[in-house]
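Visitor: Below, each chain spelled out in residue letters.
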Amino acid sequence: MKQQELLNIPPFTEGIDRVDGRLKVTGAAKYAAEFEVPGMTYAVFANSTITKGTIKTIDIKAAEKAPGVLAVFTYLNAPKVPGYETGGDPSKPPSGGGPLKLFVDNTVKYNGQPVAMVIADSFERATYAASLVKAEYNKEAHQTDTSKVLDKAATPKGSRFADYKRGTPDDWQSAPVKLETEYVVPIDVHNPMELSAIIAHWTADDKLTVYDKTQGVKSTQNAIAQAFKLPPDNVQVTAKFVGGAFGNALRTWPHEIAAVMAAKQVKRPVKLVLTREMQFYTVGYRPYTWQKINVGATADGKLTSIVHEARAQTSSFEEFTEGTVNMTRFMYACPNVGTIYKITPVDVNTPTWMRGPGEATGAFALESAIDELADKLNMDPIELRIRNHADIDPQNGKPFSTKYLKEAYQMGADKIGWQNRKNKPRSVQENGWLIGYGMGSGVFGAGRGRATVKATMQSDGTLLLQTAVTDIGVGTGTAMTQIASEVFTGIPVSKIKFELGDSSLPPSPTQGGSMITSTVGGAVHDACIALKEKFQQLIGNGGTDKPDYAQVLKDKNLPQLDVTITSSGSSEMRNFSSYSYSVHFVQVKVHPKTGVVRVNKVVSVADSGHIVSPKTARSQVIGGAIGGIGMALMEEGVIDHRFGRYVNADLAGYHVPVHADIPQIEALFVNKPDYKVNPMGAKGMGEIALIGMSAAVANAVYNATGKRIRELPITPDKLLG
Amino acid sequence: MKQFQYVRPANQQSVLAAIAQPGTKIIAGGSNLVDLMKHGVMAPDKLVDINKLPLRNISGISNGLHIGALALNSQVAEDQQVKTKFPLLSQALNAGASAQLRNMATVGGNMMQRTRCPYFYDTAMPCNKRAPGTGCGAKEGFNRMHAIFGFSDKCIAVHPSDMCVALAALDATVLIQGKKGVRKLKFTDFHRLPGVTPELDNNLAKDELITGLEIPNNNFAQHSYYLKVRDRASYAFALISVAAALDIHNGIIKDARLAMGGVAHKPWRLTAAEQLLKGKPATVANFEQAAQVAMQGAKAFKDNAFKLKMAPASITEALTHAAGLA
Ligand SMILES: Cc1cc2nc3c(=O)[nH]c(=O)nc-3n(C[C@H](O)[C@H](O)[C@H](O)COP(=O)(O)OP(=O)(O)OC[C@H]3O[C@@H](n4cnc5c(N)ncnc54)[C@H](O)[C@@H]3O)c2cc1C
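From first to last, the protein sequence lines are chains A and B.
Those letters in the first sequence? Residues 0 to 720, per numbering that gives the first Met the number 0, in order.
Those letters in the second sequence? Residues 0 to 325, per numbering that gives the first Met the number 0, in order.
Because the hints were derived from the structure by calculation, they are not lab data.
Heads up, the beta-carbon is just placed ideally off N, CA and C, and yes, glycines get one too.
Please note that a few of the clues may not be correct.
[To be verified] To list a few chain B residues with every Cβ distance to chain A over 10 Å, as calculated:
| id | residue |
| --- | --- |
| 1 | Lys-1 |
| 2 | Gln-2 |
| 3 | Leu-35 |
| 4 | Gln-79 |
| 5 | Ser-97 |
| 6 | Gly-194 |
| 7 | Ser-313 |
| 8 | Gly-323 |
[Unchecked claim] Derived lysine-lysine pairs resembling DSSO-like cross-links, with alpha carbons at most 30 Å apart:
| id | chain 1 | residue 1 | chain 2 | residue 2 |
| --- | --- | --- | --- | --- |
| 9 | A | Lys-29 | A | Lys-494 |
| 10 | B | Lys-153 | B | Lys-179 |
| 11 | A | Lys-592 | B | Lys-37 |
| 12 | A | Lys-79 | A | Lys-177 |
| 13 | B | Lys-153 | A | Lys-717 |
| 14 | A | Lys-671 | A | Lys-531 |
| 15 | B | Lys-45 | A | Lys-60 |
| 16 | A | Lys-55 | B | Lys-205 |
| 17 | A | Lys-147 | B | Lys-298 |
| 18 | A | Lys-108 | B | Lys-308 |
| 19 | A | Lys-29 | A | Lys-375 |
| 20 | A | Lys-133 | B | Lys-277 |
| 21 | A | Lys-375 | A | Lys-291 |
| 22 | B | Lys-308 | B | Lys-179 |
| 23 | A | Lys-375 | A | Lys-600 |
| 24 | B | Lys-24 | A | Lys-717 |
| 25 | B | Lys-279 | A | Lys-706 |
| 26 | B | Lys-179 | B | Lys-45 |
| 27 | B | Lys-308 | A | Lys-423 |
| 28 | A | Lys-23 | B | Lys-253 |
| 29 | A | Lys-23 | A | Lys-164 |
| 30 | B | Lys-185 | A | Lys-717 |
| 31 | A | Lys-133 | B | Lys-279 |
| 32 | A | Lys-138 | B | Lys-301 |
| 33 | A | Lys-151 | A | Lys-717 |
| 34 | B | Lys-301 | A | Lys-266 |
| 35 | B | Lys-24 | A | Lys-592 |
| 36 | A | Lys-147 | B | Lys-37 |
| 37 | A | Lys-138 | B | Lys-138 |
| 38 | A | Lys-177 | A | Lys-421 |
| 39 | A | Lys-23 | A | Lys-592 |
| 40 | A | Lys-108 | B | Lys-298 |
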């Protein structure tokens, strides 16, 4: 009955407008750094200018004397963070090691690491005082160049990262058609518009309020509570709006703990906003990853074996890991598959998840390699993919809960005009430009986690939904409102309020991994159903399905009626493999003389279940495609390894696409529900919107020019080389 | 940022008096200077805001056009006289920065903008231009954006302006006001090569003010083209840019002007190539030949060898467009 209800939704409703759209365009939406607390002070860091070594001397006298300065903290005088002393990690690393602890000793582990923190009565005064801090160092030899230490890469701890082997993958060497290629994805930096920001305000000796740029208010709450040995309830975390994050606010970073420490010490609220430059040095990035793919196939294009190896950078103090090679295990029906994943430490800050974590890197390699194979076989790359379509999950033999990848290929091919593509590269020229078509696919696990939602019918008939999730800009509030409105047909959207971004609300997971629509949406759905049932019981038999809730409450003399429901995925899910898929189609033009690449057309198709919120879903796909174009054509954090410093740590030097780079992007949806994952039949789409896009662009560039660029980004110099 | 004083004199005389003092710096649109102050690259004690001076006008003069030093980049780009007489300048301006920046940036500030070399910008790295004697970080470092002409052992930075490339091609003259009076400088003599004094970008003295420019009339309006090759479609500095202007009669090139950006410490005028084109038919083959001549003496570093291919290709491409053969 529950499913019936949702199946009645017309498949392509326009969808509701963004519920917070007006607040955002009028500037009324408040981001972390925009809150004002009486008595605010401002924190600014002085950062290391060496990459590795120890602080010999650090002179803070001039900074302390500068106008407006309240305190200057270094490892010599900073009060101890209680959780640090007992080894409690404020934020657990993904695999091994531990996060950097600021101001605990004199070691420098990466360039740009904070060595002192100035607290002053204005941001400008703090900035000036920080420039007066003078440190001298004992320098040690450093290594920031991952490409130089690939041979030192080792398998990370934990069984998840052990080498994978199915059949006899090394058979590729004796296959009738074989391919052996290497790919490199450089450091990509998240660069969301909103800079990392925190306001820490101790309201009592053992209680504090924090306004934080975070993707998870509950995880920030726990991290701070652990670091300061407080009951979690004593830490109030607010993140009502997040100005993009793409993964870099998934962790609670050391500088956030430092701000909380400083606020305690100066007994005033402290606001800390990182500079754009510091975003490069201290809040993670997509790691540099070298990959090797070996493929064996029959002459008619049946894959017989694939070996996919990835070696990625991590920091010297933490193991950062991601699922770079995982999709190769199940994307295509191939009997013999091996994957190897290794990491190698360099003297940089720890990388972190960035949109399409792991898979975006892996898909560049795999989907480029499939294109290379198609070229070798002189076969249409879609045809090659269809010939190797995995009908069941080749990893474990399980059926897919749903999979409409073939439909997605067809929809995208029709829309972009794939029939105009010539299999032979460099065969189309228009107005002096070479024209090429390319495609690539993406995949990401579709799951459902646990979340708690409180649903309250208020006396005026307004439905209030509350949970501690954040909205990193994707439109979570809008999607949740839409889901509730579909359960509570009859209640207008304007009378549904979704409250989020507050750690005192019922728990929800951190926004990441394309899980929120499924997880929180599932809980919203279940809470709404439960509340409806509660009303039915109240009204008794014979009541209408769409009562006047305000009237019912009045009649029963109730101020309100609420339910709090915790729900998660069904155990049935374990019998299936569940993924979201994307297929990206791109037409590019390349100037044969200058090497300039421009994207003419993009069609991205998502097979991500039922689309619960068409407008915000479309925005997700467009945003992901733009991110993918950036990754393909321009993004690269460049380090001068002699110094260990970035040479493009700003938005003039680190390029992301601008409007002029982006053509019309068509977002298409298969829009077929997957009820195994959740009652709405919805699957995640944040990650797949980007995964595979860079390969689609690279494949289109090859089709246009006959030049295969295996190291991103594809800048004009590489095409001239 | 260091604390500083700020004055906004009402007349030219007071500006000249103020800038004669040590530690002072002129501010116009502020789009380059404020950035550099935030990075600690420049740390003046006192800013002298010249925006009250009546230097915003663009006006016709007997033999050409006069443009005030405070005319905004966007204003010049959209000016009807500029668009008709010197479309090359309009195109070059519109190829630079972003609409927002062009609305702040002035002609004088654009000429005086400093290099975008990352070693110049990062005070934790060596740079002879910022801190003479510390060495050149770029020479053995990241030098993808750097010079292939006219560099020295001390500095291989490039001048980042687009506007200046067009002005170098258009034979503009710079009007400079000093305490002793006005002097005129050929635009191509305004910027310097780094030599042993890379800290000096140009030949303007500390106590002098740029008041404007003069561009002489010419016959290039029909056949001119500004090509900017860059890593993204907008809002990026040039890998290579070319200002090409031709005077063509019956298919024969009567006169030519060519300058390149992104290749040297100053806008790089290509006089040998211009000479070669004079009197020749406007054909792609001749443009290619001119491009070869233009490249004589070019030398690349580790990361910018691509410019040795991209530059001649861009010259040919720009000339082809200018001649209407594209
Ligand atoms: C992100 C970004 C991208 C950019 N991209 C481009 C690009 O693609 N192409 C391009 O050409 N430019 C680009 N620019 C640079 C831009 O053109 C300059 O910042 C601008 O032209 C400077 O003008 P201003 O009036 O703001 O100068 P200000 O910042 O006010 O001054 C710059 C310098 O000029 C001096 N000065 C100003 N006026 C006078 C005068 N009348 N006499 C003597 N000295 C004077 C000042 O003392 C100062 O040293 C970019 C800038 C930014 C920030």
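Visitor: Just pull the numbers of the violated hints for me, sorted ascending.
Guide: 1, 2, 5, 7, 10, 11, 12, 16, 18, 19, 20, 22, 24, 25, 28, 29, 30, 31, 34, 35, 36, 39, 40
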